[in-house]
Every structure is written in structure tokens, then in C-alpha cells.
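Order-wise, the sequence lines are chains A and B. Residues in the first sequence are numbered consecutively from 1, following the numbering used here. Residues in the second sequence are numbered consecutively from 1, following the numbering used here.
In short, the hints are calculated from the structure, not lab data. Please note: incorrect hints may appear among the correct ones.
Calculated from the model, a selection of chain A residues having no Cβ within reach of chain B, i.e. all distances over 10 Å [what the hints assert, rightly or not]:
1) L121
2) R141
3) Y181
4) K228
5) D302
6) Y334
7) E338
8) E345
9) W346
10) G380
11) R484
12) R516
Derived lysine to aspartate or glutamate pairs resembling EDC-like cross-links, with alpha carbons at most 16 Å apart [to be verified]:
13) B:K12 <-> A:E142
14) B:K12 <-> A:E135
15) A:K347 <-> A:D332
16) B:K91 <-> B:E137
17) B:K91 <-> B:D54
18) B:K12 <-> B:D42
Since this is a predicted model, take the numbers as computed values, not measurements. Each residue gets a CB set at the ideal place from its N, CA and C atoms; glycine is no exception.
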Amino acid sequence: MKLSGAEILWECLIREGVEVVFGYPGGAIMPVYDAMLNYPIHHVLVRHEQGAAHMADGYSRASGKVGVAMATSGPGATNLVTGISTAMMDSSPVVFITGQVAAHLIGGDAFQETDVTGITLPITKHNYLVTRADEIAQVVREAFYIARTGRPGPVLIDICKNAQIEKTEFVYPEEVRLPGYRPPIRAPREALQRAVKLIENAKRPVILLGHGAIISGAEQVIQHFAIKTQIPVAMTLLGLGAFPASHPLSLGMMGMHGEAHCNLAIQNADLLLAFGMRFDDRVTGNLKTYAPNAKKIHVEIDPSEVHKNVRVDVPLIGDLKAIVSDLLPMVDEYDHDEWLQQIAEWKAEGDARSIMNWPNDGKLHTAHVIHDLWEMTQGGAIVTTDVGQHQMWAAQYYFMDKPKRWITSGGAGAMGFGLPSAIGAWFAHKNEEIWAVVGDGGFQMTAAELSTAVQEGANVKVAIMNNSFLGMVRQWQEFFFEKRYSAVYLHNPDFVKLADAHGVPARRVTKPEEVRPAITWARQTPGPVVLEFVVEQEDAVYPMVPAGASLHEMLRRPIRQPQS
Amino acid sequence: MQHTFIALVENKPGVLNRVASLFRRRNFNIESLAVGRTERPDISRMTIVVDCQDKTDAHKIEANLYKLINVIDVQDVTHKPTVTRDLALIKVKASPEQRAEINNLAAIFRARIVDVAPDSVIVEVTGTEDKIESMIELLRPIGILEMVRTGQIAMTRGSYQGERRTPGANGNGWYERDPEEIGLAEF
Ligand SMILES: Cc1ncc(C[n+]2csc(CCOP(=O)(O)OP(=O)(O)O)c2C)c(N)n1
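Turn these sequences into a full structure, and let the hints guide you.
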């Protein structure tokens with residue numbers, strides 16, 4: 001039977017198991033939107049295409065499935081760009097579908113023509129320009145395959161309007177044939193044996209878990225591996241949840257705002273087992289002084305990440321789950337008591353400085369709010385964040401025991417991510433409790449999506465940490481620019497009224513004793529809720545490794561912050 | 001030092017752009033890039049000459065090329081016996097009296113005069129980069145009006161293969177060897 005290109009697109013999306021698409025219509029994609037009415041896929045109408053991109057990303061991270069976002073040509077497509085690059089940096093499988101002007105108009109600066117494949121070339125894993133209807137089925141099949149396999153990432157399909165309209169025989173391709181794309185799975189035995197030798201000889205080993213641990217579904221086998229070998233586990237920002245925070249072997253988060261004992265363990269290690277992480281500058285600090293005495297084993301699916309930032313001794317290229325499964329029977333049980341004892345001492349010293357052990361000074365600190373939220377939700381919520389100080393505090397004080405419940409923009413650090421990604425996550429888990437922890441700055445970048453949340457009845461709770469500052473930038477100005485505050489003060493709207501205007505129940509919290517009742521109220525109130533926490537304006541995130549400093553050269557929270 | 005890579009890529013629109021964009025994006029300097037057809041209509045072949053700061057650059061280039069879905073195979077033939085060729089067309093100012101001199105030079109280099117005009121000739125010269133450079137140097141005093149070069153193309157001799165350093169890349173059957181062997185030891 002002959003179908004239009006637009007119909008073929010939906011047929012293919014259904015075969016890929018797509019349940020929900022986030023998007024925004026416009027001239028060049030109208031045939032696709034018209035055909036959509038005949039298919040049982042739910043479409044979420046966003047308020048800005050960036051929102052659609054982050055929603056698809058959040059959906060993907062929460063579900064492990066491929067997310068789908070859609071936009072029209074020109075400005076619709078360019079509005080996706082931040083979201084595409086966010087998905088790229090964090091290896092999120094999202095398929096983006098954009099409309100394009102008719103093929104015969106390409107190159108002529110037609111109305112709303114933009115070179116979208118050109119613009120997105122460096123921020124997609126792969127992209128396609130489709131000029132004919134008979135290409136669509138093959139391309140969609142390939143796009144989903146590429147997006148979710150190997151190191152996942154965004155794939156964009158730009159479909160010319162004529163290709164959406166033209167009718168052609170619909171043949172669903174049974175297989176994809178990509179001669180240049182064969183992601184590696186297993187590492188060879190000799191390489192594994194070299195790794196085992198290093199593990200056997202290590203006295204002070206540390207496992208570094210990145211996003212790859214979650215993407216490959218390796219959490220269980222890694223847990224067995226860590227327990228069997230008694231090797232402590234540090235996590236990157238995106239690796240949080242890959243290993244239970246409550247486990248005695250967990251060192252928590254590493255890096256710029258990582259925990260002190262965790263960074264010290266890395267710096268003093270004699271072996272690092274980097275599992276699905278890429279030695280980003282935010283986790284290594286100064287490369288010249290990074291873990292100077294450590295041998296390094298790098299298990300990584302993307303060969304271009306090996307030796308990119310840090311020279312490693314044994315690269316094991318392939319799927320993390322497969323490789324750790326292969327390693328597990330090859331290693332013995334080891335005793336690292338002395339090493340674990342040393343780390344425990346560092347940790348005890350860090351605890352004394354932790355904000356949680358501060359005397360209650362009657363002020364509202366974001367860290368306290370997050371800690372309360374963690375306790376009250378028993379660590380069971382899905383938490384998305386925006387970017388900034390609140391993000392780091394959420395990483396530090398919302399202890400994640402399970403994967404795919406911590407959703408944050410790491411590599412791109414894209415403000416505006418928090419709310420839309422929470423809405424996306426809700427579509428993946430409609431019965432779960434979902435909190436978007438956002439700053440007053442970042443929230444306002446995509447605040448219009450509140451309206452989408454209402455339209456969809458998305459049960460997301462938004463916690464705005466309002467410090468009236470672009471807090472993280474302010475902190476840098478305080479530390480590194482002699483407190484010369486430049487363009488960081490925000491004169492904000494009344495967030496409660498703003499929520500109210502959307503029909504979203506909201507409360508403002510200004511005192512520590514109001515925190516728990518407000519959270520209880522939000523949890524009991526169905527549908528989207530906004531809580532505005534008016535927090536300390538000039539709080540700082542500690543520890544902090546200044547950009548370019550060595551990982552052990554952390555600025556630590558003063559034992560007692562001077563009361564002002 | 002200069003590294004020469006041979007990349008087999010799918011013969012599809014936009015692939016050249018992807019490769020060029022990758023070199024820009026990852027901050028590598030292309031000295032020359034030649035693309036052409038191969039014995040298979042679905043595959044094009046690129047010869048890419050890149051100036052690498054150190055050996056890890058060569059590793060990075062290879063691994064990043066593999067990230068492109070349309071790239072099928074990459075070899076570094078820098079240290080292997082190869083036949084490399086570059087072709088130049090050089091338009092030289094030439095009064096009738098100078099033609100004999102140019103003819104002589106051309107003969108030495110086994111170059112050919114492929115066009116003769118009243119006041120200029122076009123010399124066609126094929127060979128290694130060195131050979132072409134020397135020819136240019138000798139023609140320069142006479143007066144080069146215009147020049148074009150194809151960029152290098154390369155092929156390994158006999159059954160030699162280029163180095164494939166990228167561990168596990170595209171199931172090409174190759175895997176990480178000793179760091180020494182692949183030249184990463186001094187990294
Ligand atoms: C789109 C975007 N623009 C700018 C930045 C730079 N930036 C990083 S953190 C930050 C401040 C965020 O302020 P806010 O949202 O209020 O959160 P806070 O740090 O106060 O918790 C800025 C501007 C960014 N990460 N993303």
C-alpha cells in the first residue's frame with residue numbers, strides 16, 4: 001500500500017516503540033502533524049522547542065528508551081540546538097525530527113530555510129537530510145539504531161516537506177546495514193588479563209563510575225565486582241545512582257564539587273578503574289597532577305575517549321556490562337582494609353565540616369532543603385536539576401541509591417534543563433514522585449513549560465531555590481574576582497503569583513521550620529506544584545576545586561561560616 | 001610530523017563535509033585532503049595528510065574518524081612502504097625563448113608541457129611531494145602565474161597494511177597492543 005512520507009514516519013515511530021513525542025508544529029512540518037492524528041502516539045505541545053528537546057532527553061534518561069522531539073524548519077529547529085548539544089554531551093539517545101523546506105527550494109534561502117544538518121553536524125552523533133519519501137523508513141530505522149547503540153547520542157532527521165507529502169510503497173526495513181558502524185562489545189582476553197594483573201597488585205584502588213555505568217545497565221555487576229574486590233567507588237555527577245550512595249564502599253561524587261575524601265582517595269590511589277567515564281576537566285582538575293601514582297584501567301565504549309585527556313595503562317574498549325561481567329570471575333577477593341580505613345579517616349574529617357553538622361542558625365540553606373527533601377521522600381524520588389549551585393547541593397545531599405533517577409545536565413551544563421526534563425521524566429514514570437530542583441535563574445529560562453505541565457497534568461513538583469542571584473557565577477566572582485559582582489543579581493518575579501497565573505498551586509518558604517510542612521503539602525497536592533525556597537543569598541558550594549587547580553587542592557567550607 | 005591517513009568512506013552526500021568539519025572541530029590542521037572513487041562505486045577513498053604534534057594526535061584522529069558513521073576504515077600509512085603521488089599543474093610565464101629552458105627542466109622531472117600559449121605554458125608534474133616542491137622551486141625564478149595541486153594520494157605497496165591503532169574500532173579485528181608498539185609509550 002502506498003503511504004505518504006509523513007504516514008511512513010509515524011508507522012516507523014510506532015514500530016520503534018515510541019509512545020510520546022515532544023514538539024511544536026510549523027509550516028515545514030505540517031504534513032507530519034496532520035498525519036499524526038491517525039496514530040496512537042501522544043504528542044506533547046511544548047512552549048519552546050528547547051523544552052521539547054530537554055523533555056525528550058529527560059524521558060530518555062528516566063526510561064532508558066529513545067526520546068523523540070519534533071520541530072519545524074528554521075527557528076523551530078534552531079531552538080532545539082541547546083537541547084541537542086545537551087543530549088550529545090551527556091550521551092542521551094534522542095531522535096530529533098525537523099521539517100525542512102521542499103527539496104527543490106534547498107539552497108535558495110526559502111522562507112524558514114536553515115541548514116539544520118549543517119548546524120547540528122558537530123552536536124549530533126549523526127544526522128540526515130531526507131529529500132524523498134522512499135528514504136524515510138530506512139533513515140528512521142537507522143537513526144534509532146544509531147541513537148541507542150554504542151555510545152548513545154542524538155540523531156537528527158531533517159525531512160523536506162515534499163518527502164512528507166509524496167506517496168510511496170511502505171516497506172519496513174528488517175535490518176540496518178551500516179558498514180562503518182559496528183560498536184565494539186567485548187575486550188579480548190589478553191587485555192582483560194593485563195587489567196586483572198593491575199587489580200591484583202593494587203593496594204589503593206578506586207573505581208570511577210560515569211554515566212556509562214547506567215547507560216550500559218552495568219550497576220548490578222559493578223556492585224558484585226566492587227564488593228568482591230573490596231574496591232571503593234567514586235562517581236561522576238552523571239554517574240550518581242550507578243552505585244548506592246548508602247553502600248559502605250561508596251565515596252560519593254568526585255570532582256570540582258566532589259566530596260573531599262573522594263577526591264583525596266583518587267589523588268592517593270595506586271589504581272583507577274575508570275568505568276564508563278571520560279576524565280572530564282570537571283572531574284580531574286589539573287591533568288598534570290591528577291592521580292599521579294595511579295595506574296589506570298579505562299573501560300569505555302568510545303575509542304576516541306581513550307587517551308584523550310588522561311593516558312591510561314589498559315584500555316578495555318567495549319560495553320561496560322559485558323567487560324565487567326568478563327572481569328568478575330577473573331578477579332579474587334582482596335583485602336583493602338588499610339586503604340578503606342585511611343579513606344574513612346579523611347571522611348570523618350570532612351564530616352566535621354559538612355553543612356549538615358552545622359548548628360541550626362535559623363537561616364534557610366539550600367543544602368538543608370535538599371537534605372529534608374531526601375529524608376522525606378526516603379531517597380525515592382526522581383530528581384532533575386537545573387544548573388548552578390543548587391545542582392551541586394542536590395548532587396551532594398540527595399543521596400541516590402538507584403540509577404536513572406538522577407537527571408541533570410552535566411557535560412553541557414545547560415540552564416533551563418530542570419523543569420522540562422522533569423516533565424519528560426514524568427512521561428516515563430507517571431506513578432513516581434518527581435522533583436525538579438531549580439535555581440531562580442535557570443527556572444526562568446524555561447519557566448513557560450509550567451504551562452505545558454498543566455496542560456498535560458504532569459505531576460512534577462518544582463522546588464525553586466531562590467537566592468536572587470545567578471548563584472554559581474556569583475560564587476566564582478566572590479572567590480576569583482574579588483567579589484566584584486557583575487550581572488548576577490536577579491530582580492525576580494513573584495514566583496508564587498507566577499505559578500498561580502498558570503493555575504499551579506504554590507507556596508513560599510522562608511524559614512527552616514516551614515520546609516517540611518511545605519514539602520508534605522506539595523507531595524499531597526496532586527499535579528504540578530511550585531515551592532519557592534527563599535534561601536541564603538551568598539551561600540557557597542564546598543568543597544571546591546578551582547578551575548585548573550589540582551584535585552586535592554580543594555577550598556573547604558570554613559569550620560564556622562562568619563555570621564553576617 | 002606529517003601523518004598520512006587513508007580513509008574509506010561511504011560514497012554519500014555530505015561525507016566530505018563531515019570529515020572536514022571533524023578536523024576543524026577537534027582542532028587538527030589538514031595539510032591536504034584528496035577524495036576520489038575506488039574500485040567500488042559505494043565507497044570513496046580519502047587520503048588525508050595532517051600535521052600531528054605528537055603520536056597521540058594520530059591516535060585521536062583515527063579514533064575520531066571512526067566516530068563518523070560513514071567512515072568504514074582508517075589506516076595510518078605514514079611509516080609503511082607506500083606509493084604517494086601528488087599532481088600539479090603549473091602555468092609558467094614563457095616567452096618563446098624561455099620554452100626550451102622549461103622543456104629541459106620538465107624533462108629532468110619527467111613532467112610534461114600540456115599547453116602552450118604565446119606567453120605561457122602549463123607544466124604537468126606528478127610525483128611525491130618532494131619532487132613537486134623541487135620542480136616548483138626551479139620554475140619560480142622563471143615566473144609562476146598560476147598553480148594547482150591535487151593533494152597527495154597514497155597506496156601501500158604489495159601486501160603492506162597501514163597501522164590501525166584504534167582499539168576495537170568497527171570490528172576491524174585489531175585490538176590494543178603494547179603501548180610501545182603503537183607508539184604511545186612516550187605520551
Ligand atoms: C544557558 C546557560 N547560560 C549560562 C550559564 C552559566 N551559568 C552557570 S551556573 C549559572 C547561575 C545559575 O543561577 P541560578 O539558576 O539562579 O542557580 P544557582 O546557581 O543560584 O543555584 C550560570 C549563569 C549556563 N550554565 N547555561
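To see whether the hints hold, each was checked on the structure:
1. L121: For A:L121, whose nearest Cβ neighbour in chain B is about 5 Å away, the distance does not exceed 10 Å, so it is violated.
2. R141: The claim holds: A:R141 sits with its nearest Cβ about 13 Å from chain B, beyond 10 Å.
3. Y181: violated, 5 Å
4. K228: The assertion about A:K228 holds, with a minimum of 25 Å to chain B.
5. D302: A:D302 is in fact no farther than 10 Å from some Cβ atom of chain B, at 7 Å.
6. Y334: holds, 25 Å
7. E338: holds, 30 Å
8. E345: holds, 35 Å
9. W346: For A:W346, whose nearest Cβ neighbour in chain B is about 31 Å away, the distance exceeds 10 Å, so it holds.
10. G380: holds, 38 Å
11. R484: For A:R484, whose nearest Cβ neighbour in chain B is about 32 Å away, the distance exceeds 10 Å, so it holds.
12. R516: holds, 49 Å
13. B:K12 <-> A:E142: Distance ~15 Å between B:K12 and A:E142 Cα, so the pair holds.
14. B:K12 <-> A:E135: Measuring from Cα to Cα gives roughly 13 Å; hence the hint holds.
15. A:K347 <-> A:D332: Violated - the C-alpha atoms of A:D332 and A:K347 are around 27 Å apart, more than 16 Å.
16. B:K91 <-> B:E137: holds, 14 Å
17. B:K91 <-> B:D54: violated, 37 Å
18. B:K12 <-> B:D42: Measuring from Cα to Cα gives roughly 8 Å; hence the hint holds.
Consistency with the previously given hints fails for numbers 1, 3, 5, 15 and 17, ordered from lowest to highest.
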